Amino acid sequence: MTEKIITLFFLLGSIVYLYLAGQLTFGTLQSPRSGFLPILSGVTAVVVALVLMFNQLRSKKSIPKNNVDWTKFIFILIGLLFYITIFNVIGYFSATFIFLFYLFKITDTTGWLLPLMMAAGSSTVFYLLFKYYLAVTLP
Amino acid sequence: METLAMLLHGFYISIMPANLLACTIGALIGTLVGVLPGIDTISAIALLLPFSYGMDSTAALIMFAGIYYGSKYGGSTTAILINVPGEAASVVTCIDGYPMAQKGRGGAALTVAAIGSFIAGTIGVIGLTLFAPPLAKAALAFGPPEYFALALVGLIVLTKLTGTSALKSTFMAVTGIMLGTIGLDSLSGISRFTFGIDELDRGFNLSILAMGIFGIGEILTVMAETNTQSSIPSIRLRDLYPTSEECRRSVAPIFRGGIIGFLIGLLPGPASTISSFASYALEKRCSKNPAEFGHGAIEGVAGPESANNSAISATMIPLLTLGLPFCGGTAILLSGFMIHGIIPGPALITQQPDLFWGLIASMYIGNLLLLIINLPLVGIFVQLLKTPLNILMPLVAVLTLTGAYSINNSVFDLMWIIFFGIIGFFLRRTGLEPAPLIIGIVVGPELEQGLVQGLIICNGSIWELFTRPLSGTILVLGILFILYNTISWHSKVNHLQKEVRS
Chain Y
971 MTEKIITLFF LLGSIVYLYL AGQLTFGTLQ SPRSGFLPIL SGVTAVVVAL
1021 VLMFNQLRSK KSIPKNNVDW TKFIFILIGL LFYITIFNVI GYFSATFIFL
1071 FYLFKITDTT GWLLPLMMAA GSSTVFYLLF KYYLAVTLP
Chain D
97 METLAMLLHG FYISIMPANL LACTIGALIG TLVGVLPGID TISAIALLLP
147 FSYGMDSTAA LIMFAGIYYG SKYGGSTTAI LINVPGEAAS VVTCIDGYPM
197 AQKGRGGAAL TVAAIGSFIA GTIGVIGLTL FAPPLAKAAL AFGPPEYFAL
247 ALVGLIVLTK LTGTSALKST FMAVTGIMLG TIGLDSLSGI SRFTFGIDEL
297 DRGFNLSILA MGIFGIGEIL TVMAETNTQS SIPSIRLRDL YPTSEECRRS
347 VAPIFRGGII GFLIGLLPGP ASTISSFASY ALEKRCSKNP AEFGHGAIEG
397 VAGPESANNS AISATMIPLL TLGLPFCGGT AILLSGFMIH GIIPGPALIT
447 QQPDLFWGLI ASMYIGNLLL LIINLPLVGI FVQLLKTPLN ILMPLVAVLT
497 LTGAYSINNS VFDLMWIIFF GIIGFFLRRT GLEPAPLIIG IVVGPELEQG
547 LVQGLIICNG SIWELFTRPL SGTILVLGIL FILYNTISWH SKVNHLQKEV
597 RS
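Sequence order for the protein chains is Y and D.
All letters in the first sequence, in the order written, are residues 971 to 1109 by my numbering.
All letters in the second sequence, in the order written, are residues 97 to 598 by my numbering.
Same shape as in the complex, but just chain Y (with noise of 0.2 Å):
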């Protein structure tokens, strides 16, 4: 089902692409424009898509794959999103201990104090590695 939607996902996306392109100007063959290859490669896209999404609905076939923990990964979605909401809010250092606890925390590291102290061990080490060693401005 997931191929299904990603497929579908794609396909969309490049149909999309093709009405934009198709605002551009094509050219002539002896003088080519701006969108002469976007055309070209949207049609190319498109058609390839429906064939694999065709392909995919015929074939009873799926994909051998890991399991995935669905919850982990919206909960690690939202922390990535956290991180870079606060990140320009609460500065690097802060930001970065907050994000590395909760990350430590759904990704089952037993505890409080150890995830607790990794966290802000590594990120007072991320935080002179970038800050003075690398010299990037950070918030």
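Rather than coming from a laboratory, the hints here were simulated on the basis of the structure.
Keep in mind it's a predicted model, so treat the numbers as computed, not measured.
Some hints could be false.
Here are the simulated DSBU-like cross-link-like pairs (lysine-lysine), alpha carbons at most 30 Å apart as the crow flies [stated by the list, open to error]:
no.: 1; chain 1: D; residue 1: LYS380; chain 2: D; residue 2: LYS256
no.: 2; chain 1: D; residue 1: LYS256; chain 2: D; residue 2: LYS588
no.: 3; chain 1: Y; residue 1: LYS1030; chain 2: Y; residue 2: LYS1042
no.: 4; chain 1: D; residue 1: LYS380; chain 2: D; residue 2: LYS199
no.: 5; chain 1: D; residue 1: LYS256; chain 2: Y; residue 2: LYS974
no.: 6; chain 1: Y; residue 1: LYS1030; chain 2: D; residue 2: LYS588
no.: 7; chain 1: D; residue 1: LYS588; chain 2: D; residue 2: LYS380
no.: 8; chain 1: D; residue 1: LYS384; chain 2: D; residue 2: LYS199
no.: 9; chain 1: D; residue 1: LYS594; chain 2: Y; residue 2: LYS1030
no.: 10; chain 1: D; residue 1: LYS594; chain 2: D; residue 2: LYS256
no.: 11; chain 1: Y; residue 1: LYS974; chain 2: Y; residue 2: LYS1042
no.: 12; chain 1: Y; residue 1: LYS974; chain 2: D; residue 2: LYS588
no.: 13; chain 1: Y; residue 1: LYS1030; chain 2: Y; residue 2: LYS974
no.: 14; chain 1: Y; residue 1: LYS1075; chain 2: Y; residue 2: LYS1101
no.: 15; chain 1: Y; residue 1: LYS1030; chain 2: D; residue 2: LYS256
Place chain D on chain Y using the hints.
For chain D alone, coordinates are given in the frame of chain Y:
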């Protein structure tokens, strides 16, 4: 003679302390990347791209190349010891390496893999030294039609050789080409598909895209999948000695693997993986005792491990001489070149001889360093395999995000990296290979420039693209390749239908 003189000059460049240190660090990181199953070569180079800003460009590229070929050494360790290939190219090594480990010959298998990798890696670098300069000279005569033909045929061949379905690879490569058109059109100066977002005018930053699809995508996959880590056997130094019988049986496969790997490395696609499969099939065919394969035949470790290292050196030839990367690893290396303002291609050898020859010479040194590092440190690498992924992956995630932020000091980039990370995660789940996508993004602009300028030069005549000697030959080869694959596919379908009927 001139090549030898330049190579010696390259050695002088590469033994400079900063370059030698970069080579050692690259080789070490590469080995670690190969050893740790959670991180692949492309992700590792993508993660380290921002860190190389402060480095001298030669040292940075020597380091990236070290990671690239070093990872193939490390990949065999997990394949042999725990039946988990650290790298796709080491999948074949599991077949005979793991049974050898179960029989208590894991140490010998690791040694043969390391020595084979060194010898074949050196064969590959010798090939690179000999073939790259004449090819670069010849490529100076290439015009837009030739670049178009090369890029197009390269992408066609790539889609067939990626190991997944040709249709899926084609789709990924075309999607890459489409993404490559986002931003200012270099020929007309018109903004395309940017939706008024200024940041998109320069197109997608390849480093951000690669860090997202490969780095964050991999992190999400490893963290969310419910896998358990395997138990790791201990290896003592005395276990590393192969018997004289094992040594004797390994010599021919190593040299055969070196040659086959180099030849396959010249073709577009994941050369190291394909060459290891090809070498395994060849060794099985050459063996007097093919029944032993799958149960711990040393030839099944020596051949493929040698082939994948030799192939890696050969993949550098199209990158350095034509500026065209035809596998994921060289595509990400190209972005390493680009962030240092270096455009690889036929002019590189004349305009940046220090970098070109320094890089090649560093590969000889790197191969030797890897042999020296790998065998004595195998015990440490085995210990590293025991690092819990639930601790390692959050740290890698922070490293990736901070590295991405440091490129433009932009939270906007972080949003993109997460977006591409999610895409990368789902691509893995659906069997859509992300490497052709990256290659499409890199090769796409070359393809467009070659096509548009080529058509203008040829006055819109597609036929003229075929009548030019070089572009014509390349395009005809591409057509023959498509015809051959169509006919073989058709006969396979007919054969299957006959079987079903009978």
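These are the hints, each one checked on the structure:
As the CA atoms of LYS380(D) and LYS256(D) are separated by approximately 24 Å, the hinted pair is consistent with the 30 Å bound. For the hint pairing LYS256(D) with LYS588(D), the CA-to-CA distance comes to about 16 Å; that is within 30 Å, so the pair holds. For the given pair, LYS1030(Y) sits about 29 Å from LYS1042(Y) by alpha-carbon distance, which is consistent with the 30 Å threshold. For the hint linking LYS380(D) to LYS199(D), the alpha-carbon distance of about 20 Å falls within 30 Å, and the restraint holds.
A hinted pair counts as satisfied when its Cα atoms are at most 30 Å apart, and LYS256(D) with LYS974(Y) qualifies at roughly 22 Å. For the suggested pair LYS1030(Y) and LYS588(D), the alpha carbons sit about 20 Å apart, so the restraint of at most 30 Å is met. Of the pairs offered as hints, the one joining LYS588(D) and LYS380(D) holds, with about 24 Å between alpha carbons and a cut-off of 30 Å not exceeded. Between LYS384(D) and LYS199(D) the alpha-carbon distance is near 21 Å, which keeps this suggested pair within the 30 Å criterion.
A threshold of 30 Å between alpha carbons decides the hint, and for LYS594(D) with LYS1030(Y) the separation of about 22 Å falls inside it, so the pair holds. For the hint linking LYS594(D) to LYS256(D), the alpha-carbon distance of about 25 Å falls within 30 Å, and the restraint holds. Restraint check for LYS974(Y) and LYS1042(Y): satisfied, since their Cα atoms lie roughly 23 Å apart, inside the 30 Å limit. For a cut-off of 30 Å, the pair hint linking LYS974(Y) to LYS588(D) stands: about 26 Å separates their Cα positions.
A threshold of 30 Å between alpha carbons decides the hint, and for LYS1030(Y) with LYS974(Y) the separation of about 12 Å falls inside it, so the pair holds. A threshold of 30 Å between alpha carbons decides the hint, and for LYS1075(Y) with LYS1101(Y) the separation of about 26 Å falls inside it, so the pair holds. This hinted pair checks out: LYS1030(Y) and LYS256(D) have alpha carbons roughly 23 Å apart, not beyond 30 Å.
Violated hints for the displayed structure: none, as all numbered hints are satisfied.
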